[in-house]
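Peer 1: Let the sequences and hints guide you as you build the complete structure.
One point on numbering: in my numbering, the residue at position 83 of the sequence shown is 83, and numbering is uninterrupted.
The set of hints was computed from the structure by calculation and includes no laboratory data.
Using N, Cα and C, we set each Cβ at its ideal position, and we do this for glycine too.
Any given hint could be a false lead.
Computed beta-carbon distance windows for the label pairs [as the list claims (entries may be wrong)]:
1) Lys38 - Lys63: 20 to 26 Å
2) Ala72 - Glu5: 20 to 26 Å
3) His66 - Met35: 19 to 25 Å
4) Ala72 - Asp25: 29 to 35 Å
5) Phe49 - Leu6: 17 to 23 Å
6) Thr75 - Glu5: 17 to 23 Å
7) Glu80 - Val30: 17 to 23 Å
8) Val30 - Ser64: 16 to 22 Å
9) Ser67 - Gly45: 38 to 44 Å
10) Asn76 - Arg53: 22 to 28 Å
11) Ile40 - Leu87: 20 to 26 Å
12) Gly34 - Asn76: 22 to 28 Å
Straight-line Cα separation of at most 30 Å, DSS-like style, residue types lysine-lysine; simulated pairs [claimed, not checked]:
13) Lys63 - Lys37
14) Lys38 - Lys61
15) Lys61 - Lys86
16) Lys86 - Lys69
17) Lys37 - Lys61
18) Lys86 - Lys38
19) Lys63 - Lys38
20) Lys86 - Lys63
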Amino acid sequence: MKSVELVLLDMRNSRFFFDVLIHSDGATLVTYGGMSKKPITAATGPFIFQDMRLRGFWLGKWKSVHSNKDFANMTNYLLELVRDGKLQYA
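Peer 2: Below is the structure:
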């Protein structure tokens, strides 16, 4: 299975992404789907033995402390990663 460094998780397919991350040492899971109010459920093993990390991201808060130019730069950077095949939708 392919190693993954970063997963952006909107909670619709959370079980799939946790299964992928189990095979990826040092992976970071970023959840941004808090509006669903669904809990995140995961085994503790990958967090302990494979240094998996879990982070939350709130775009509204990020935008409140960054400029529109910062947002445009971030969006362009992410699109560049997609174009280069470094960021993929699963």
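Peer 1: Determine for every hint whether it applies to the structure shown.
Peer 2: Here is what the structure says about each hint:
Between Lys38 and Lys63, the C-beta spacing of about 24 Å keeps the proposed range 20 to 26 Å intact. Take Ala72 and Glu5: their Cβ atoms lie about 25 Å apart, and the range 20 to 26 Å holds. At roughly 21 Å, the beta-carbon separation of His66 and Met35 lies within the given 19 to 25 Å, and the hint holds. At roughly 34 Å, the beta-carbon separation of Ala72 and Asp25 lies within the given 29 to 35 Å, and the hint holds.
Restraint check, Phe49 to Leu6: a C-beta distance of roughly 19 Å satisfies the suggested window 17 to 23 Å. Our hint of 17 to 23 Å for Thr75 and Glu5 holds, since their Cβ atoms are close to 20 Å apart. Glu80 and Val30 have their C-beta atoms about 18 Å apart, which keeps the hinted 17 to 23 Å range intact. Restraint check, Val30 to Ser64: a C-beta distance of roughly 18 Å satisfies the suggested window 16 to 22 Å.
Checked against the hint of 38 to 44 Å, the C-beta distance between Ser67 and Gly45 comes to roughly 41 Å, which is consistent with it. One distance hint, 22 to 28 Å for the beta-carbon pair Asn76 and Arg53, holds here, with the actual separation near 26 Å. Distance hint for Ile40 and Leu87: a CB-CB separation of about 22 Å, consistent with the stated range 20 to 26 Å. The hinted window of 22 to 28 Å between Gly34 and Asn76 holds, with their beta carbons roughly 25 Å apart.
For the hint linking Lys63 to Lys37, the alpha-carbon distance of about 21 Å falls within 30 Å, and the restraint holds. About 20 Å separates the Cα atoms of Lys38 and Lys61, which keeps this hinted pair within 30 Å; it holds. Of the supplied pair hints, the one linking Lys61 and Lys86 holds, its CA atoms being roughly 26 Å apart against a limit of 30 Å. Our distance criterion of 30 Å between C-alpha atoms is met by Lys86 and Lys69, whose separation comes to about 23 Å.
For the given pair, Lys37 sits about 18 Å from Lys61 by alpha-carbon distance, which is consistent with the 30 Å threshold. Taking the CA atoms of Lys86 and Lys38, the gap is near 29 Å; set against the 30 Å cutoff, the hint holds. Taking the CA atoms of Lys63 and Lys38, the gap is near 24 Å; set against the 30 Å cutoff, the hint holds. At most 30 Å may separate the alpha-carbon atoms for a hinted pair to count; Lys86 and Lys63 meet this at roughly 24 Å.
The structure agrees with every numbered hint stated previously.
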